[in-house]
Amino acid sequence: MSAKSILEADGKAILNYHLTRAPLIKPTPLPPPSTHNPPAKLASIKFEAGDDINGVLDAAEAQFPFLLAPGAKFVAKPDQLIKRRGKSGLLKLNATWPEAKEWVAARANKAQKVEHVEGHLRTFLVEPFVPHPQETEYYININSVREGDWILFYHEGGIDVGDVDAKAEKMLIPVDLSQFPSNEELAAGLLRQVPKGLHNVLVDFISRLYAVYVDSQFTYLEINPLVVIPNADATSAQVHYLDLAAKLDQTAEFECGAKWAVARSPAALGMPVGAPKDGKVSIDAGPPIDFPAPFGREMSKEEAYVAEMDAKTGASLKLTILNSQGRIWTLVAGGGASVVYADAIASAGFASELANYGEYSGAPTETQTFHYARTVFDLMLRAPQHPDGKVLFIGGGIANFTNVASTFKGVIRALRDVAPLLVEHNVHIWVRRAGPNYQEGLKNIKAVGKELGLTMKVFGPEMHVSGIVPLALVPGKWNESIKEFEG
Amino acid sequence: MNGSLTPQASLSADDNIKRFAPVSRPLSPLQPHTLFHNKTRCFVYGLQTRAVQGMLDFDFICKRKTPSVAGIIYTFGGQYVSKMYWGTSETLLPVYQSTEKAMAKHSDVDHVVNFASSRSVYTSTMELMEFPQVKSIAIIAEGVPERRAREILHVAKKKGITIIGPATVGGIKPGAFKIGNTGGMMDNIVASKLYRKGSVAYVSKSGGMSNELNNIVSQNTDGVYEGVAIGGDRYPGTTFIDHMLRFQADPECKILLLLGEVGGVEEYRVIEAVKQGIITKPIVAWAIGTVAGMLTTEVQFGHAGSMANSELETANMKNKSMREAGIFVPDTFEELPGVLAQIYQKMIKSGQIKPAAEPAVPKIPMDYNWAQELGLIRKPAAFISTISDDRGQELLYAGIPITDVFKENVGIGGVMSLLWFRRRLPDYAGKFLEMVLMLTADHGPAVSGAMNTIITTRAGKDLISALVSGLLTIGSRFGGALDGAAEEFTKAYDKGMSPRDFVDTMRKENKLIPGIGHRVKSRNNPDLRVTLVKEYCQKNFPSTKLLDYAIAVETVTTSKKDNLILNVDGCIAVCFVDLLRNCGAFSAEEAEDYLGNGVLNGLFVLGRSIGLIAHFLDQKRLRTGLYRHPWDDITYLLPELGKGGAPGAEGRVEVNVQ
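In the order they appear, the protein sequences are chains A and B. Take the first sequence: its letters are residues 1 to 487, numbered as in the working numbering. Take the second sequence: its letters are residues 1001 to 1658, numbered as in the working numbering.
Read the hints as simulated data drawn from the structure, not as lab findings. Some hints here could point you the wrong way.
[Stated by the list, open to error] Have a look at the derived ranges for each label pair, beta carbon to beta carbon:
#1 B:F1406 to A:P384: 41 to 49 Å
#2 B:G1351 to A:V117: 40 to 48 Å
#3 B:Q1031 to A:P475: 32 to 40 Å
#4 B:K1379 to A:G476: 53 to 61 Å
#5 B:P1380 to A:K312: 34 to 42 Å
#6 B:V1265 to A:K87: 23 to 31 Å
All values derive from a computational prediction rather than experimental measurement. Glycine is no exception: its CB is placed at the ideal position from the N, C-alpha and C atoms.
Take these sequences, add in the hints, and give me the full structure.
Structure, rendered in structure tokens:
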């Protein structure tokens, strides 16, 4: 859902393809281009754990012929939503292909720490190196807010650009595009510090960039540096976007999916056209857009399993493992309630012990609930025992239409499967749930808790949604006068 | 309603239908702070009958005079009215295919609950906003592209329309109006006393948490005055401040409750309004998502908008800023009910709130489906099925999941044994059934069934008509030899008649023996199909007593005439009886039952359908035209009318054989 970051390679491919194609909102000072951009030179090289690294690099050579152009120089960098790569030494500039290859091979599939996050380097981007003087670097950023889209422009760029929020020239483009500023207004609003001779080129570029931003439904786009190399008499210039970060609106896939795909088709990337290797038929002219997980957040097997279940049903099943060794686990129904539980656990002082974030909602079937619960329980019982035991919250808000008794059947089945381990790991179970037929659901789970000899406390709607969290975690909060669900 | 009714909505004499007259005069204009009241009328966009029923149930327990839903707009159309419950009686809601018609018919409607999908909600909302009578729209869909959501809210702002959503359950005004599925089942509504108004108005992002707020408010105060869930997207049509300002302006609302969330900056506009003295009523508030800052990795919580892009957008900063502005912010969400109760009690003491007398708890009839799910009621079913079940995760044939049917590769014969006989038959039996289908599949274009199919096809009719016209010829004369043969041979065999006695008896009774005789084939020129069946059964069946009997009968008949052989129909029939009786899967009664029910005819119909469809396709392929039988192939013999004859007997046909 919502705004999602994309790979730099994909962002650049979309720009390269659509800059001349996206419908302009108003005519620019330059005549319309007679040709479209040549295919983008973007070698996106992906490794998976266990891959033969040289084999992948050799395959890339075949896939991207521009890598073998004689005398060509390249930039190589990881393409995994990592910020400030230059500062972390993750940028190889002005390299021949053999040098770039060696540089990538030395890092591919290796663990890397960037600031506080550790992850594996799996995706690299190799593209032509553009030599340019420092003063041709600019900064541009477009981002969306409620009232419209801000365009930020600064006449200096590069990694040391500093606090652009404070110093860049800014213009708000209203949502209603009939109020799009004129060329003069754009130049006056954004380009005051730029030599006059470049105005036409830059107004043309910014107008086209914004047209792509609208047409392909970006929600964020930053180019730094944007390199503008003027010709001899400074009447026009070449524009290069060297480093780019972007987010697309994932929900607009049904409107823009084809545009995102065609820009990344083999033809648009200058790849030798042939039948796709896997023989798969994709729905558009190119591959579907990829929304990579943030650096260092590769999905575990269990998370991937839940994500796969989630994708196959109308119900919502989410699981993120925060700390697999943590002693506090949650099995919470409902998106809002799951956040409230995490809040409560953190404010009780147990943020570092919180093992998972997740939720199930939207009326999952008994079987789906069972598999989801089993996954969480397995993870909880796989971690070593803790001297203080573990805490499991089977929580949730007041359901709208879900029959609580029937989803609890799935939870109960999972509890039965692991009952001896729950006792062995000294798991304290706290239950709170309400909604249609909750009485039956709570009665059943309570009876099962007793039958299996589990440490369990059960509450209904008289208890605050996350009220069981402080009772379970904060010493002194629990006392025998607090009434449990009676059944 | 003089339009035609669809069968689904057809009425019977004992239906208990309540009809509502249209409003006689326009309502007096509303206060600007009133979005909903107990005369609010709305359309529901999309055929969401469960949501509409929920709204009508709510209206009923709130003792509204008229339902809040004036009609349903469903552009895919087809249905003209939808039958709904109004308490225990029923009412009819019009279903309109065009928004324009709906608006023209119901000038009193000023709200629309838009259930259109994320793909179509932009167009439909833009269309709805063209009508000046529309004052507010609730957009339920999740996943509306952010650009489209902003375009909608931009237009809405220009036209002064209140948008609730997207990605929301809606909102509720106790005792007056409920948007769509807000509050969930009636049990929840009654438990949180939403059938009458209280003094606390809330606005939250999450629709799921609004149930929790209803619960908290009803337990700690005199109840909810109004509640709105603005939706979890980045760009909700209206935000906290829009509704907080309405609540401030509404004299009946005494306490304001705000449930914010990490992400976005909309809470700060409420803080601004408090600081400037625009909002003066007490506000209790909390922003959820305080955990976000304490986790080492970034987690996208449930809502699209719940991601902090700056310090300002974190829940902790919001809570801190709200507290500093004088808003009542508890230390944790768990302490919110206590804070709310304190403020309420204070206002009771100071006389600012005077709780109204508690009305009786209304009863709402329980829905049949729900009562059944809870196991509270039972009723005899009108239909019983014992062969297949499509309700579970997997389709079942006689209890066997469809994946197993394929895994075990049971073939068509195996599927037939599951569905026709509700059991797995031995492999050789399945093969035999398949063999029968293959042998009966076609017998050339000249037989009557194929002829009918061909003629019907050539008349330009469709596949089903052509197939059925051929099948309808199957009976005792055409294709019926199977059943007849099985019956006669079995009867004779069971009576213990010797083959010769059997043949003699039949002759004495002047009856042909079904299954005996062929036009061209004879003992010396055997029918290879018969040989195939005979050999297969003799090799695979545990016993072929009836087949042996039939072969003995053949010996008798062929001694009279060479072509009186056991034909393919006779052979299949007796082998099938042998199968039923001896494969061990059927009791003697079951075997007789199946035979008596015409299962052999079933085999023929199924097999021959293959051939009839083939003839249809063949004729289509050949593009043959309409068939007309030549005159010279018909003998015309007509009565000679008008040429005398006694009165009343003019029509008699005189047949003159020349």
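Hints, verified against the model:
1. B:F1406 to A:P384: 41 to 49 Å: At 44 Å between Cβs, range holds.
2. B:G1351 to A:V117: 40 to 48 Å: Once the Cβ atoms are compared, 58 Å apart, the range 40 to 48 Å for A:V117 and B:G1351 is violated.
3. B:Q1031 to A:P475: 32 to 40 Å: 52 Å, violated
4. B:K1379 to A:G476: 53 to 61 Å: Given range 53 to 61 Å: holds, Cβ gap about 54 Å.
5. B:P1380 to A:K312: 34 to 42 Å: Given a distance of about 37 Å, which is inside 34 to 42 Å, the answer is holds.
6. B:V1265 to A:K87: 23 to 31 Å: Check passed, 29 Å falls within 23 to 31 Å.
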